[in-house]
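There are 4 protein chains.
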Amino acid sequence: MTRDVGIGIVGYGMMGRAHAYGYTLAPRIRALPCTPRLRVISGRTADAVARAASSYGVERSTTDWRDVVNDPQVDIVDVCTPPGTHAEIVEASVAAGKAVLCEKPLAVDHSSAVAAANAAAAAGVPNAIGFNYRRLPALALMKQLVDEGRVGDVLLWRGVWLSDEFLDPDIPFDWRFERAVGASTIADLGAHLVDLALWMVGEVDTVAAQSETFTRERSGRAVDVDEASSGLLRFATGARGALELARVCARRPCDFFVEVNGTRGTLRFEYPNLNELWFGDRGDDDELYGFRRIRAEHESHPYARDWWPIGQGVGYGVTFVNQAADLLERWPNGPWEPDLAQGARVQAVCEALERAAAEERWVRVDEVTGEPTPATTTS
Amino acid sequence: MTRDVGIGIVGYGMMGRAHAYGYTLAPRIRALPCTPRLRVISGRTADAVARAASSYGVERSTTDWRDVVNDPQVDIVDVCTPPGTHAEIVEASVAAGKAVLCEKPLAVDHSSAVAAANAAAAAGVPNAIGFNYRRLPALALMKQLVDEGRVGDVLLWRGVWLSDEFLDPDIPFDWRFERAVGASTIADLGAHLVDLALWMVGEVDTVAAQSETFTRERSGRAVDVDEASSGLLRFATGARGALELARVCARRPCDFFVEVNGTRGTLRFEYPNLNELWFGDRGDDDELYGFRRIRAEHESHPYARDWWPIGQGVGYGVTFVNQAADLLERWPNGPWEPDLAQGARVQAVCEALERAAAEERWVRVDEVTGEPTPATTTS
Amino acid sequence: MTRDVGIGIVGYGMMGRAHAYGYTLAPRIRALPCTPRLRVISGRTADAVARAASSYGVERSTTDWRDVVNDPQVDIVDVCTPPGTHAEIVEASVAAGKAVLCEKPLAVDHSSAVAAANAAAAAGVPNAIGFNYRRLPALALMKQLVDEGRVGDVLLWRGVWLSDEFLDPDIPFDWRFERAVGASTIADLGAHLVDLALWMVGEVDTVAAQSETFTRERSGRAVDVDEASSGLLRFATGARGALELARVCARRPCDFFVEVNGTRGTLRFEYPNLNELWFGDRGDDDELYGFRRIRAEHESHPYARDWWPIGQGVGYGVTFVNQAADLLERWPNGPWEPDLAQGARVQAVCEALERAAAEERWVRVDEVTGEPTPATTTS
Amino acid sequence: MTRDVGIGIVGYGMMGRAHAYGYTLAPRIRALPCTPRLRVISGRTADAVARAASSYGVERSTTDWRDVVNDPQVDIVDVCTPPGTHAEIVEASVAAGKAVLCEKPLAVDHSSAVAAANAAAAAGVPNAIGFNYRRLPALALMKQLVDEGRVGDVLLWRGVWLSDEFLDPDIPFDWRFERAVGASTIADLGAHLVDLALWMVGEVDTVAAQSETFTRERSGRAVDVDEASSGLLRFATGARGALELARVCARRPCDFFVEVNGTRGTLRFEYPNLNELWFGDRGDDDELYGFRRIRAEHESHPYARDWWPIGQGVGYGVTFVNQAADLLERWPNGPWEPDLAQGARVQAVCEALERAAAEERWVRVDEVTGEPTPATTTS
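Residue numbers (the working numbering), protein chains in the order written: chain A, 1 to 379; chain B, 380 to 758; chain C, 759 to 1137; chain D, 1138 to 1516.
Just so you know, these hints were derived from the structure itself, not from any lab. Remember, predicted model here, so these are calculated numbers, not experimental data. C-beta atoms are modelled at their ideal positions from N, C-alpha and C, and glycine is treated no differently. Be aware that one or more of the hints could be misleading.
Reference listing, derived: stretches of chain B covered by chain A, where coverage requires no fewer than 3 residues with Cβ under 8 Å from a Cβ of chain A [said to hold, decoys possible]:
1. 404-410
2. 647-654
3. 684-691
Can you make the complete structure from the sequences, with help from the hints?
Structure below.
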């Protein structure tokens, strides 16, 4: 028999739902040392959060997030609120001795992110940032192939994220259009891509960027969130990168693409076909010149044994289940990864991009962090 | 508060797991009139089925499937055993007054399938056959677009299912290679495609077919299951079809493809990219001649509101969750669809294909059923 | 200096144009032992054929095809008329001692095809049938990889050809709808696929088929050409095949697909992306499970050195240039391939398919040829 | 009868060959007011250029490009030498009263480009720059759809060009690695993408960029050409852009991608499948949410009537044939487009990118041109 671990979720929107889904299924895909219990979920509107609790399989609901943090049955606080509230809830949670999983981005500015990460480290609790796409099988395989040296030394990295969620100028103002609450697009969408870049390639040293907001007013209120940003990256290894984030791309629902080019090969991931990974291998016979479309579901692949036979396909939900299973597997001692410190490192790059766009100049990431970027060998 | 409905699962292999997964999640995606309780699961090996019960979230396990059927806590018997055992378990279940969901194919021959379907009908219990792909959003959308007349009158249908599961001649003999237990490939893989054909196009009238087994002996035992079959179909409407099923296709994990060509348009589904549906519309502006790649996740699409925002993608597992939700939503009165009678209709076509291959001649489906195919208007 | 070789083209439609294009460019892609001179082109309408001559770069035009055959400046007669006229023109040409390249299909029935092939053989002139797709780089590479044993022994072959050219019931009657002139769809489109099958897999032994014509009357005249046909093939090696040809598929302009599955691998070609070839290799590392998308333009690939650097792409026209170059390279002695005898062998399979469809039974190809199919080893 | 126009080609490499191919075929695809005669081709190595003349169908060869320029039979000088020589040859040609078609880039720096363009304008001769991809049917269709307002106002543009031509560090030094001869990668590959951007979106105002050379020495000589560059673009309309050019991408032969996102729709072109154009239309029925894969070969599409029936596909070579036909169609008066002035405008953007990369700052294009960018309405 395994011991129970109490989960409290702060925020009942799509992310709260996805995280609850993760805890519900984690014990169904893997033998875990503990049994997650969804104890409580919070939200501002009493009847809506009560319905969510019932729908998500959570035992009770509350309108006060501090109820979640202080609930003695709660061992892990799972933060799924808008970005601007993350840091405060994280700090309160770790102060209460709770482990914490925080949705990305960790904060809407770097100093808050660092404060939250430091508080968690000081409290000595397991802590994690919700970069769920690391748990997508094809992206986990991409990382594995990079680490195996399949592409050699990485020379170039590119990441593009295109959606149409802000394209219609008639969408009324809501918190997503207010940077202090919803974070910039650089921080919100960009955090995922920057995390993948740091994870696979290493630290970013210097950046340039531009940002634009085409619809600058909604419902009579000023929009201060960028709708489209693009950036140039220099990695500490000497690799170069290019990044684009845009929410004004017609008929692009949520299409992201990541590619690395190395001395030995190329890897490319396309989210619209998320069970595939493309690999161009210089070591291949010239007669077979091209890319392999790897079906990232082979039993030898990351996470594959927990799911369906090859060819069947998984979707977005799997990232939350894998994330919950990975964290619960290391309960209660951790460490968890990626942790909040990684969340803060990503935030530093995002803030450097924001600053570079605002000031129209190249910005070193250590201008944001106040610390030199860790030295790494130039490729 | 909703009333509980007790589920008993017979068979703890991959299908048992997938069905348990469906019941676990169904209440998480939709408000249901009842709460599924996974009461019991059966299998022949005590410790393995006990582990499965724990892993799948089922309360208890047993080595005797009759325990499941006779358990007073069980309202629905879910049959996930090898095909050759389906009919007997279904008959016992409905005799015990239980509702039944039976994995496909309903049986390994048409007469057993009809007997099982008739028993269920006579018992007056809700009953369903597990054609889960009908609940894949893109295929449900395909059906919807056909029904809306988007392709006009269907002229041609084609379905192809390619896997490599039997390619290696060194795979040892197991029940899948014994037709009386595992069913023919025509009935096993073909049942899905034939169901989709009947669902979208209508009854099949006459068929021709061929079958081949390249590795005729495994572990010293004769293999009597076809490894590759192909067939020609004539629908009652006058439409024509072509079908292929093969388990000897290298590096094809489980790739199936369905296409209809009608007087107004073409629809094509490709399982390797299961969140997409391709639509060629004759009504389109000629300047845009081509196919639309529909992202079958729009909130206006079947099942989409129960899942993630558009662009995120779902996988195979969703079919079992949608299936469970669709059935539980109509608990306790039903009717459920597709029902076992549909399972028998599909079996009739499969058996006609088997007979056509064996006898090297065109076979009318009513030779199998003993009843004339229902008349339908010629397109 | 190379000697001139005089070309006479019979027929100035799209095929006549494509062949002229081939001769124009052949000396530009390869050093040839002779220089093709486009001497004369024939057609029934004087001013139209005159304009075509000017446009295609042919020296003179005539309304009588016998003028072409008898022109002393003509060394090669290139037959680009409707199918029903091919055999007669071929026979007249070889009787006049001319070499001949005949568009496919060689005839509209097998006996005429054999007569034409035999006449050419008896005359001892170089002769070829226009299966131009053999000269598409990706298909030539497919053949090469099959011959190298990359897929092992072929178990399954499938070919599908889908167009929309006959879908609109308001297209007025023309010669394409009259079998005696335009040939059946089985013979017209099917000839290409059957040739590829015979070329890569070997002789076909037995077939079943069905055919349908949905619009049976146009401009008040009966249509006797099949609009959609499908067939099952048994190869002499024991391999099995499936074939489909249809001209009623909305928004399918001319999409053909060929796949072979062998004991070691799978190869797939898709004409809509004609510079690619897909290869699934069982010998591959499991971690890379999937298909390679080969860019069939590497300098090591067939025809690639004659064209552009890799990645640039070629189109349909290249098949006619490569064909012309391959034939002229062997001028004046030949032998040319595929020759008219191969055209007749293909026609035998097509006629067996037609008969199988008409008589609703399996038909042996030797019923058509009157000779046993050459023995080949069973795989 | 049409009058002859004499063509002289300077440079017999791949580009010289492609241009000769274009003139050879132009009269075969379109009725032209003149007949191109390939009079002379020049190159430094006598026997090689003599062989090229024979192979390309040019009447004579010379080792002195001034022979071409001064040949009285030559009406059009076609400049296909390495970039660093373009401007001088153009100036000599127009001084001799010849029309000129110059391969891109027009020069290796902006001031030479302007001088060449001005010289041509002053001479009053027809002049053109070889942005051949404008003549690729799918890209011409993309422009047409943008001009028709199908995407509304353009908000974002992105272009990426990936090849592996410089990846191998063991490739010996040649002129491509010397900026003064081969031009920067920004100018060489980038010129095509920048031209497409200016053509479809309008003037570029300001840029940022980075460049890297991973292999800085070859054959003991310093390489001063960038192997990989990326840039950010601000258009005068307010649209934003992102650009990447890289020659170190394993198994990427020559893959370029262009996308525009506008207020009404998205258009995307992918060179690896060059007969297709992707269009996401916000005006579409939501039930069909997605992209259309347009087959850019419909007879209503640009250039399509000159080529093959839809579905057959064209390749790279078609761009040179269409280019030759477009220019010859306007012989002898012109004007031709894109002209050398457009070549200079593109060069200005490329030079701004080079400067931005070198100086690590945002650079206004008018810093390069010395003239304000033409005002355009902000979208």
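Structure-based check of each hint:
1. For a cut-off of 8 Å, the count of residues in the region 404-410 of chain B with a CB near a CB of chain A stands at 4, and the three-residue condition holds.
2. For the region 647-654 of chain B, the assignment as covered by chain A holds, since 5 residues bring a beta-carbon within under 8 Å of that chain's beta-carbons and 3 suffice.
3. Residues of the region 684-691 of chain B lying with their CB closer than 8 Å to a CB of chain A number 6, which satisfies the three-residue condition for coverage.
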